[in-house]
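Colleague: Those protein sequence lines, which keep their order, are chains W and R. The C-terminal position of the first sequence is numbered 319 in numbering that gives the first Met the number 0, with every residue numbered one higher than the one before it. The C-terminal position of the second sequence is numbered 319 in numbering that gives the first Met the number 0, with every residue numbered one higher than the one before it.
Treat the hints with care, since some could be wrong.
To be verified - Heads up, simulated DSS-like pairs for lysine-lysine below, C-alpha to C-alpha not over 30 Å straight-line:
1. W:K131 / R:K92
2. W:K78 / R:K46
3. W:K92 / W:K128
4. R:K207 / R:K12
5. W:K78 / R:K282
6. W:K128 / W:K174
7. R:K78 / W:K128
8. R:K12 / R:K128
9. R:K46 / R:K36
10. R:K78 / W:K291
11. W:K12 / W:K224
12. W:K46 / W:K36
13. R:K174 / W:K282
14. W:K224 / W:K282
15. W:K12 / W:K92
16. R:K291 / W:K78
17. R:K46 / R:K78
18. R:K36 / W:K128
19. R:K224 / R:K174
20. W:K291 / R:K92
21. W:K131 / R:K78
22. W:K174 / R:K291
23. W:K282 / R:K78
24. R:K291 / R:K174
25. W:K131 / R:K131
26. R:K282 / W:K92
27. R:K174 / W:K174
28. W:K36 / W:K207
29. W:K131 / R:K128
30. W:K92 / R:K224
31. W:K78 / R:K131
32. W:K92 / R:K36
33. R:K174 / R:K36
34. R:K12 / W:K174
35. W:K282 / R:K128
36. W:K291 / R:K282
37. R:K12 / R:K78
Just so you know, the hints here were simulated from the structure itself, not pulled from any lab data.
There are 2 protein chains.
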Amino acid sequence: MRFALAIDLGGTKVAAAIVGEDGTIVARATRPTEAQKGGDWVLNRIKEAALEALETSKLHPAQLVGVGMGTPGVVDSEKGVMLSEAVNIPEWKGRNLKAELERVLGIPTFVENDANAAGLGEFVFGAGKGAKSLVFVAVGTGIGGAVIINGELVHGASFAAGELGHISIDPNGLKCGCGNYGCIELYASGPAIAQRAREFVLAGVDTKLASMCSPEELTAEHVAKAAQEGDFLAQSVLAESGRLLGVALAGIVNLLNPDCIVIGGGVAQAGDWLLEPIRWEVKRRALPDATKALQIVPAALGTNAGVLGAAALVFRSVQG
Amino acid sequence: MRFALAIDLGGTKVAAAIVGEDGTIVARATRPTEAQKGGDWVLNRIKEAALEALETSKLHPAQLVGVGMGTPGVVDSEKGVMLSEAVNIPEWKGRNLKAELERVLGIPTFVENDANAAGLGEFVFGAGKGAKSLVFVAVGTGIGGAVIINGELVHGASFAAGELGHISIDPNGLKCGCGNYGCIELYASGPAIAQRAREFVLAGVDTKLASMCSPEELTAEHVAKAAQEGDFLAQSVLAESGRLLGVALAGIVNLLNPDCIVIGGGVAQAGDWLLEPIRWEVKRRALPDATKALQIVPAALGTNAGVLGAAALVFRSVQG
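With the hints as constraints, model all of the structure from the sequences given.
Modeller: So this is what it looks like as structure tokens:
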């Protein structure tokens, strides 16, 4: 079996894994990112995590076919160059991370935007296995995603595709930091769900959420937990966010007619309290011809999507 | 030079053309569609128009590399099978038009949805020449379109992609015949523009439109003409529709990051009165990373987009 070294670079930690071509994770290691210490520091943390994972795997370096890395930010994945900063390292903008990692690690390296990597992971190893065209939605602090058409990631003309959190569902809606109004991430991201729930708690509505923590500490995780435990208000808040996300996804379905939408990210752990309302609205709003082949499913890989997608990058790019 | 026989099947007429690989139309012929006389009748009209165009061209049939046809409806363009009715011929649903045309015309035939064909025409021969990824928007009686990514038409999992007229810009907006609410075609199609203008005329607002025809007869063409002539109300109605279309397109830009959006269809003849407001909203609402490489341009092929796209289908599919 072929193996790849996979790296998932996040704001808090660097996760490295040795992944088999069948999607088995045979070893892992992590390091804190500590981006405030600069880009070279982070590159060294990546190297350390990579070497530790390799050592744990007991594989010989020659058994690795390549390195895949997912990173936040806009990545020219053909050249491996950052087109924006990543994990708050402004000096990385314009830097060729592929070349730097190849220098440090000594094997062919592939760099991709993290949401694209996670979407590819679900497509190759997870909930989207067997799909032809897939839309991956990562619902977390924001809403990001990836689009895969006929098996290929859609990068767009300037590697900026997949920003589906900034699709507007209301031209006169809430003002978003991005400059647009009514972006779906203002209605269905984790902080948006927490904020909506918080308003009800502060208004004195009778809900389990009131006894779980102070209103300020409330998160989407609390809302999901309360929904699970039968709290009607929490269920309703998730339904509202799910339905609004469904409005945006119905438009994507009419545009791209995918056969699979995978809902991932931390907030997707709310499960059917979020997913069913998404399905309702897509069913109600998208054209019947475009929903015939469509499945809307929860992500299957959890936090492993990043490293598995990074590994998939390698296996599809390196022949053999 | 290679030549193709191109057919643009419409509700009113069948247009046939002999097209060179450089996009030159060397001969044309048309027949009325008369769909009410049934599918076989229409196939015969297609055959007649094709043979007349061929005769006019003075080419030998052996000089044609193939036949391309664009038709309304959902087409399995791999098999050449209609998945819906076309031009109100219910019996065509399920029929293999590719096989039937190959039998009648005797050369390799390629069948495609008409909006996809027109989009491909603009991509290969028209306003989108040289683009990498293109979104074609046909603004007419409805709003349709096509998506081309890395040079390939996006068909979707069930050949239903490209229905961008049914992207909602307002979940609580106008009710659409498709079942959705707030579909952009209810705000920016020809009839929508005419209806908005009509309401002002009926309310007695001072506008040139009042003297052009009776309010019932008002069309988007009148609105475009009045705008051209300096009528402020007509300009404002077009601006409103353009801006709302821009809201939907900004979402598509964030999702797919195309380098070219081509605005075609009859209503696009309103020119910059419609296009500039589209550009304003896309610029204001889409992410800067996604608009870096973007051009929003008017279609260049007019009503020839259909036959030129049908010809392009042939040239890309037949080697040599």
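Colleague: State for each hint whether it applies.
Modeller: Hint check results:
Of the supplied pair hints, the one linking K131 (chain W) and K92 (chain R) holds, its CA atoms being roughly 24 Å apart against a limit of 30 Å. Distance hint between K78 (chain W) and K46 (chain R) is unfulfilled; the C-alpha atoms sit about 50 Å from each other, more than 30 Å. The hinted pair formed by K92 (chain W) and K128 (chain W) fails the criterion: a straight-line CA distance of about 34 Å is larger than 30 Å. Note on K207 (chain R) and K12 (chain R): the hinted pairing is violated, with a Cα-Cα distance of about 33 Å set against a maximum of 30 Å.
Our distance criterion of 30 Å between C-alpha atoms is met by K78 (chain W) and K282 (chain R), whose separation comes to about 27 Å. Using a Cα cut-off of 30 Å, the hinted pair K128 (chain W) and K174 (chain W) is violated, with the two alpha carbons roughly 37 Å apart. Using a Cα cut-off of 30 Å, the hinted pair K78 (chain R) and K128 (chain W) holds, with the two alpha carbons roughly 25 Å apart. Our distance criterion of 30 Å between C-alpha atoms is met by K12 (chain R) and K128 (chain R), whose separation comes to about 28 Å.
Of the supplied pair hints, the one linking K46 (chain R) and K36 (chain R) holds, its CA atoms being roughly 15 Å apart against a limit of 30 Å. Between K78 (chain R) and K291 (chain W), the direct Cα distance comes to roughly 18 Å. Compliance with the 30 Å bound is thereby established for this hinted pair. For a cut-off of 30 Å, the pair hint linking K12 (chain W) to K224 (chain W) stands: about 26 Å separates their Cα positions. Taking the CA atoms of K46 (chain W) and K36 (chain W), the gap is about 15 Å. The hint holds against a cut of 30 Å.
Simply put, K174 (chain R) and K282 (chain W) have alpha-carbon atoms about 16 Å apart, close enough for the 30 Å limit, and the pair holds. For the given pair, K224 (chain W) sits about 27 Å from K282 (chain W) by alpha-carbon distance, which is consistent with the 30 Å threshold. As the CA atoms of K12 (chain W) and K92 (chain W) are separated by approximately 20 Å, the hinted pair is consistent with the 30 Å bound. At roughly 18 Å between alpha-carbon atoms, K291 (chain R) and K78 (chain W) fall within 30 Å of each other, so this suggested pair holds.
The straight-line distance between the Cα atoms of K46 (chain R) and K78 (chain R) is roughly 20 Å, inside the 30 Å bound, and the hint therefore holds. At most 30 Å may separate the alpha-carbon atoms for a hinted pair to count; K36 (chain R) and K128 (chain W) exceed this at roughly 46 Å. Among the hinted pairs, K224 (chain R) with K174 (chain R) is consistent with the structure: their alpha-carbon atoms are about 29 Å apart, no more than 30 Å. Between K291 (chain W) and K92 (chain R), the direct Cα distance comes to roughly 16 Å. Compliance with the 30 Å bound is thereby established for this hinted pair.
Between the alpha carbons of K131 (chain W) and K78 (chain R) the distance comes to roughly 17 Å, so the proposed pair stays at or under 30 Å and holds. Taking the CA atoms of K174 (chain W) and K291 (chain R), the gap is about 22 Å. The hint holds against a cut of 30 Å. The hinted pair formed by K282 (chain W) and K78 (chain R) meets the criterion: a straight-line CA distance of about 27 Å does not exceed 30 Å. Restraint check for K291 (chain R) and K174 (chain R): not satisfied, since their Cα atoms lie roughly 35 Å apart, outside the 30 Å limit.
Taking the CA atoms of K131 (chain W) and K131 (chain R), the gap is about 21 Å. The hint holds against a cut of 30 Å. For the hint linking K282 (chain R) to K92 (chain W), the alpha-carbon distance of about 23 Å falls within 30 Å, and the restraint holds. For a cut-off of 30 Å, the pair hint linking K174 (chain R) to K174 (chain W) stands: about 25 Å separates their Cα positions. Simply put, K36 (chain W) and K207 (chain W) have alpha-carbon atoms about 42 Å apart, too far for the 30 Å limit, and the pair is violated.
At roughly 28 Å between alpha-carbon atoms, K131 (chain W) and K128 (chain R) fall within 30 Å of each other, so this suggested pair holds. Restraint check: the Cα-Cα separation between K92 (chain W) and K224 (chain R) comes to about 48 Å, which exceeds 30 Å; the hinted pair is violated. With a C-alpha separation of about 17 Å, the suggested pairing of K78 (chain W) with K131 (chain R) holds against the 30 Å cut-off. Note on K92 (chain W) and K36 (chain R): the hinted pairing is violated, with a Cα-Cα distance of about 64 Å set against a maximum of 30 Å.
Restraint check for K174 (chain R) and K36 (chain R): not satisfied, since their Cα atoms lie roughly 33 Å apart, outside the 30 Å limit. Distance restraint check for K12 (chain R) and K174 (chain W): the Cα-Cα separation of roughly 47 Å exceeds the 30 Å cut-off, and the hinted pair is therefore not satisfied. With a C-alpha separation of about 37 Å, the suggested pair K282 (chain W) and K128 (chain R) falls outside the 30 Å cut-off, and the hint is violated. Note on K291 (chain W) and K282 (chain R): the hinted pairing is violated, with a Cα-Cα distance of about 34 Å set against a maximum of 30 Å.
With a C-alpha separation of about 24 Å, the suggested pairing of K12 (chain R) with K78 (chain R) holds against the 30 Å cut-off.
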